[in-house]
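Colleague: Chain L is fixed; fit chains U and S onto it per the hints.
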Amino acid sequence: MMMKKKYRDLIIVSGIAVMIILAAVYGKRRDAETQKELIEAFFPSSQYHIERVNGNKWKLSSSNLLYSGNIYIGEGKGYNGAVSIMVQTDHQGRISQLNIIANHETPSYFQKLKINNFLKTASQVKIGDYVSGEPIDAVSGATITSRAIMQGIRNGNTKGENIAVSNSFHPSFGILEFIIVALLIAGLILQVIKNRKIRRTIRWTSLIVSFAMLGFVYNQPITLSRIVAILNGHFPDIRYEFYFYLLLGGSIMAIIFTKKNIYCRSICPFSAAQEILAKTGRAKTFHTKYYRRLKYLQWGFTLGAILLALVLNNPGAAQYEVFGAFFQLTGTVILFVVLFIVVILSLFIYRPWCNFMCPMDGVFAYVRMIRNMISK
Amino acid sequence: MFPNSTILGPLFWIVMGGLYTISFTGFYYWITDSIIKMNWWKWLLSILWFLGLNITIAGGFTLFGEKEIRAGFWFLSVFGGVFIVLGVGLWRLLTSR
Amino acid sequence: MDEDNNKFNRRNFIKTAGLASGVIALAGAAGAGLAAGSNKDSYTGWGRTAYGEDQFFNRKPFLVDTPTYDKVGETRRIAFIEDLFKRNGELSRLLFPRGDETPLWSFDEGVEKLPEPLKTYYLEHPDALGEFRKAIEKSQEQAGTWDKYKHKYLLADAWSTAHASPIGGQGAFPPQPHGNPEESDFRGVNEETLPLKSPAHGSSLIKQIAYSFGASLVGIAKVKEDWVYQGYMRGVGKIDFEVPEHWKYAVVIAVPHEWDSMYANPTYGTSYDAYSKLRFIAGKLEVFLKEIGYAARSHVPPTSYEIAMPPLAIDAGLGEQGRHGVLVTPELGANTRLAAVTTNMLLEPDKPIDIGIKEFCSKCKICAEECPSGAISFTDKPENVIRGYQRWNINQDKCFTIWNSVATSHARGCRVCLAVCPYSRKNNWIHKIVREVDPRDPTGLFSSAMLAMQKKFFTYPGGQEYLPAPDGNNKTFGEAPDWLMTEEWFNI
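Respectively, the protein sequence lines represent chains L, U and S.
The first sequence begins at 344 in the numbering used here and counts up by one.
The second sequence begins at 688 in the numbering used here and counts up by one.
The third sequence begins at 564 in the numbering used here and counts up by one.
If we strip away everything but chain L, and leave its shape as in the complex, we get (with noise of 0.2 angstroms):
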């Protein structure tokens, strides 16, 4: 019996990640179009003379010679992967156009007409300013993005003109960052204390602070499209999102060592929002002997949304969470839809979205039954 459930785990296990494998094969199968054809796209060839000087600089001439200047193509790390930049300067290095050519953000209405906004305020700089840093403010909202185009901007420059920079690495540890390894250590504690006024005081306070701090203030939860972004081989930029490493890799630290999942009990803001919601509203576990199943139901989804993002090679489309919604009020309808429904469930149901919806659980659980496989 006991061999039995250990080779189905390792079938399991095992067969996810062949999936996982195969989809992000398929998905990058796919050749980016070429540089030309990019540039193309924005400077038709009636119109325009274009001519290679190196991978990330090109030169552009109008037809009837009135114009001419240069095109420079380079990548920032954004939110869900790599985000091209296309600059067109003029000989001054005063910058006349600037698009994003090529990203995998997740298409929020807002973020979109954020982002738009940001690239004027970006244009209105000169190329060289990017060169020593960020001359302009990140737009609170789309952070992540907003640095992605300016260092695709930077990078573009940098490398067309072959300017050395110096790459130095500066892991940032701000109240972020206190806050998520306070967090940790808090949800570490509640594993070893008995007693259980303080348990409950430890609990309460973290999920207050996450509430206010990782929900409202910094909005930074664990969401699916960033676990596919990195599947994908996308890792965020340490410099700017060291928060992120920590946050993950505690987590999952603290399965490896104490079998606990932390993050889903007391760090994830959106599990506080529904804790004091269980809180005002009373809500009741609930029960049905179908849990097994909507279980297997829950984790199935998320697998197929992984396997959906990795095939389109877009990990923005596995995002169906509803923090973004619950705390920015960003996302498309269905989501406010299913966040409204989910809200008012959690007043009488405890945890519903924890328990039936959320993706994050299977991917606690893909990696408990990992660690319960070699322990063995």
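Everything labelled a hint here was simulated from the structure, so no lab data went into it.
Glycine included, each C-beta is placed from N, C-alpha and C at the ideal position.
Misleading hints may appear alongside valid ones.
Claimed, not checked - Not the full set, but computed from the structure, chain U residues with beta-carbon under 10 angstroms of chain S: (1) 693; (2) 711; (3) 728; (4) 730; (5) 744; (6) 753; (7) 778.
Modeller: Just chains U and S now, kept in the frame of chain L:
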């Protein structure tokens, strides 16, 4: 409210006043007949909740009237959601002993 | 027993009726809200009363001694060439002479060949000349594509032209001054002047008269030298002049555009509706002042000024300057158009107000985001020093290029920044709350919350979308009123 009439507007608000009085009286009878024990802050919270709900609905529909349909739906769903949650919370508070 | 039963039934009845009434009352609240939102009476201004009822915002708590613009250096008067229309007019006379004369200058000759003061100006502003060239190109394009849109916007264009008709040419009202101001401003003045009871009486009377002529807001300011143009005087021509002695006070008048068409900018709105109203009000006020024995000169849009209006209106306590350079008033928001009458009548000036526009504008930036030309600055704080005053700069030339790009019959403006400004709102309860609470909140949290709602809940098409194809889709911020939509009345 009624642009072409000088009398219907005041009448409307008289009727509204009557409706609020009846609903309050009904709620008062309903509470005194039930096992719920009320005190001043429970009354205050209940009245504030109902007032807030009225303002939320009026606000959303004002935006509809301004042809800001999208904004109206947003206003109603965000603040309406908040008031439903507060309503359930208030209900639990009233019925707790 | 029977009585008890009755009592019990009555009680039960009221309990049920109470629930029903609660639901009906909610429906009533919805109905009242709907009515408040759609009520056309909630539009401020547009000459609704002759008693100044449109100036309903109580300015008293917000009066300050120094105006909210920041003086940071040596100030100077505005050279007439710094005015876009004067500058473009001068250039156009060189480029497109009347009859069969040959052009006096062409772009190929370069800046160096331009006569003064254009040469100096364009040497200092190298981008402006290129932008003007672009505007001319766009204008030809606009004339070409108008054929495609002339049916769709027939009513809007006809409405605009009708409003513009009393503005130009010989029959314009008020008539252009001729001769020195010492002569022209005193022409026809009643020789007998009765002793005025007090300057305060004078101010009250003149405001009431201006209201009765249709002004929505009226304020009075001392004429400040910095706001007076230099180098050009109507009725005289290009001369340098000192500010005339008798331009002591300015009565500043504000009216809004018709609201529905204003929200439907750039294609359905017009500037001329407000302009022609202002010309009638200011022109009549000029005549009135002369009739009671005082020198008077009206300064009216679009170009008949010797004084820059927005800073004068700030001095007069009507409002404050916004990021978009337009005066923002508590009643009308950015939908404020200005005219003034200068006079030597002894008046009591109003105090300027501070309702926190600058703090709001540094957070908001909606106008900069929506501006199709990118003429509005994105910087958090006003960073440009212009003639000694720190403010957000407006790139006039870029703005003008867009006038020549939108789907109108000719360059007759854009005004998207007026429409999208969160201050340009109706006078109903929901906006009244914001209007009154925001300037009283010292923390700025209220306005931040309102702004977040504004940005999340409302639809903004976004800069380029206001342009015709291929750059945009002729979007308007608000829906056009049916009476300006040709397809509602004609088969097209």
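Colleague: Each of the hints needs a verdict: does it hold here or not?
Modeller: Going down the list of hints, with the structure as the test:
At about 13 angstroms, the closest approach between the beta carbon of residue 693 of chain U and any beta carbon in chain S exceeds 10 angstroms, and the interface hint on this residue is violated. Interface hint at residue 711 of chain U: satisfied, since its Cβ lies 7 angstroms from the closest Cβ of chain S, which is below the 10 angstroms cut-off. Checking residue 728 of chain U against chain S: minimum C-beta separation of about 21 angstroms lies over 10 angstroms; hint violated. The beta carbon of residue 730 of chain U comes no nearer than 15 angstroms to any beta carbon in chain S, farther than 10 angstroms, and the hint placing it at the interface is violated.
Using the Cβ-Cβ criterion of 10 angstroms, the hint placing residue 744 of chain U at the interface with chain S is satisfied: the shortest such distance is roughly 5 angstroms. Using the Cβ-Cβ criterion of 10 angstroms, the hint placing residue 753 of chain U at the interface with chain S is satisfied: the shortest such distance is roughly 4 angstroms. At about 15 angstroms, the closest approach between the beta carbon of residue 778 of chain U and any beta carbon in chain S exceeds 10 angstroms, and the interface hint on this residue is violated.
Checked against the numbered hints given earlier, the structure breaks hints 1, 3, 4 and 7 and satisfies all the rest.
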